[in-house]
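Participant: Listed here are the chains, written in short residue letters.
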Amino acid sequence: MNPKQKQRLVLVSLLVIGLGTGVSLVLMALNENINLFFTPSQVVAGEVPTNQRFRIGGMVTLNSVEKLDNELTVRFKLNDSAKEVQLEYAGILPDLFREGQGIVAEGKLNEEGIFIADQVLAKHDENYMPPEVAQALEASGSAYYNNEENR
Amino acid sequence: MSEQNKTWLWFHRMGSPAYFYNFAGLLLPWCVIATVILMLIGLIGGLVYAPADYQQGEGFRIIYVHVPSAWMSMFVYMVMAINGAIFLIWHIKLSDIIARSSAVIGASFTFLALATGSIWGKPMWGTWWVWDARLTSELLLLFLYLGYIGLRAAIDDRRVAGKAASILALVGVINIPIIHYSVVWWNTLHQPASISKFDNPSIHIDMLIPLLCMALAFKLFYLCILLINSRSELLEQEKRTQWVKELVTSS
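If you read the protein sequences in the order shown, they are chains A and B.
If you want the numbering used here, it's the position in the first sequence, counting the first as 1, plus 564.
If you want the numbering used here, it's the position in the second sequence, counting the first as 1, plus 160.
If you're looking for bench data, these hints aren't it; they were derived computationally from the structure.
Do not rely on the hints blindly, as some may be mistaken.
Straight-line C-alpha distance at most 30 Å; calculated DSBU-like pairs for lysine-lysine [said to hold, decoys possible]:
no., chain 1, residue 1, chain 2, residue 2
1, A, K672, A, K631
2, B, K323, B, K253
3, B, K166, A, K570
4, B, K253, B, K166
5, A, K631, B, K253
6, A, K672, B, K282
7, A, K568, B, K282
8, B, K253, A, K570
9, A, K631, A, K647
10, B, K282, B, K379
11, A, K568, B, K405
12, B, K379, B, K323
13, B, K379, B, K253
14, B, K282, B, K405
15, B, K166, B, K379
16, B, K282, B, K166
17, A, K641, B, K323
18, A, K647, A, K672
19, B, K399, B, K253
20, B, K253, A, K568
21, A, K570, B, K323
22, A, K631, A, K641
23, B, K405, B, K323
24, B, K405, B, K253
25, A, K672, A, K641
Please take these sequences and the hints and turn them into a complete structure.
Facilitator: This is how it looks when you write it as structure tokens:
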């Protein structure tokens, strides 16, 4: 390598390192805004914007889904294995919605602390397996989708 | 001769346009054969033999196009950026040609990853699109590719265009680790990687093998396109040189 090439190598490295540092700082500063949703713990702790729409994400608590009288409205609880939030949603739920499944809901908190969702999205996890394997896992008591440590 | 000198010699010989042109021509048919075979194995394995998923049913099979395209969208960008750096530092023309020949195919892989993801997202998530970190950074990658292609097209002088585009490619490199780690650093709707941990992948082995076949097939497909593109770009760029004249008159 001649001196000219060495100099260019240094310049190119500095460009990449400098930009990397800059962008990391910006991303760290914007951390909260890049997250797609708040967790139930954050909602309970009051870290969420009041009177404003936001998203909440977590696992649908087992045995918490109940249909209200007019068929379409459902009530369920969302947890992050620490805290729980009550949700209410009127509309069609996605196919993957079920108890123990991760979901993301968008809406507002009302005065009683119930989250009124106007959109519910299913958050699919990274586990892919045939139905027989899932059944075998469930039977052996180590079902992936019921075990939060696997998520 | 020391080991290091041999490597340098190879590096320089590959940088010679005439040598690369012939080498690429010899490699191409083998590449095409391997791509076709692997693609057939992967597609038949993935679409016919792999079992349906326990939650998604048959719909999960889009993974066999989505995941390889998403991997390639990042891989091709890295090839482009590294060749851009080599061109900037050592002024090797061949590197610029490789970078230039990669841009359109990289953009196509990115578009394919976004489109298949969106088609899968509607039935599974319940939405075509959400502005989470993974989806947004992948969209940014598409814009980087398009910007790179546009910048090159806007500058007539090939050397200047190469330099400007290489700098743009290097600036965009910062987006690659962001795409990869977006699902780890932030909470997103997009699921975390299933195959980042090779000792214990979160995808069943019968589904995994066709996926890896497809990933390799996509890589070889890229290589085929790269060889074809860079050979024709080479001829165009070197049209006034002796070896191209000899090539044209002899055939």
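Participant: All the hints need checking, so say for each whether the structure fits it.
Facilitator: Hint-by-hint comparison with the structure:
no. : hint            : in the structure
1   : A/K672 x A/K631 : holds (20 Å)
2   : B/K323 x B/K253 : holds (11 Å)
3   : B/K166 x A/K570 : holds (21 Å)
4   : B/K253 x B/K166 : holds (21 Å)
5   : A/K631 x B/K253 : violated (67 Å)
6   : A/K672 x B/K282 : holds (23 Å)
7   : A/K568 x B/K282 : violated (54 Å)
8   : B/K253 x A/K570 : holds (18 Å)
9   : A/K631 x A/K647 : holds (22 Å)
10  : B/K282 x B/K379 : holds (28 Å)
11  : A/K568 x B/K405 : violated (33 Å)
12  : B/K379 x B/K323 : holds (27 Å)
13  : B/K379 x B/K253 : holds (23 Å)
14  : B/K282 x B/K405 : violated (55 Å)
15  : B/K166 x B/K379 : holds (27 Å)
16  : B/K282 x B/K166 : violated (54 Å)
17  : A/K641 x B/K323 : violated (56 Å)
18  : A/K647 x A/K672 : holds (18 Å)
19  : B/K399 x B/K253 : holds (14 Å)
20  : B/K253 x A/K568 : holds (17 Å)
21  : A/K570 x B/K323 : holds (17 Å)
22  : A/K631 x A/K641 : holds (12 Å)
23  : B/K405 x B/K323 : holds (28 Å)
24  : B/K405 x B/K253 : holds (19 Å)
25  : A/K672 x A/K641 : holds (15 Å)
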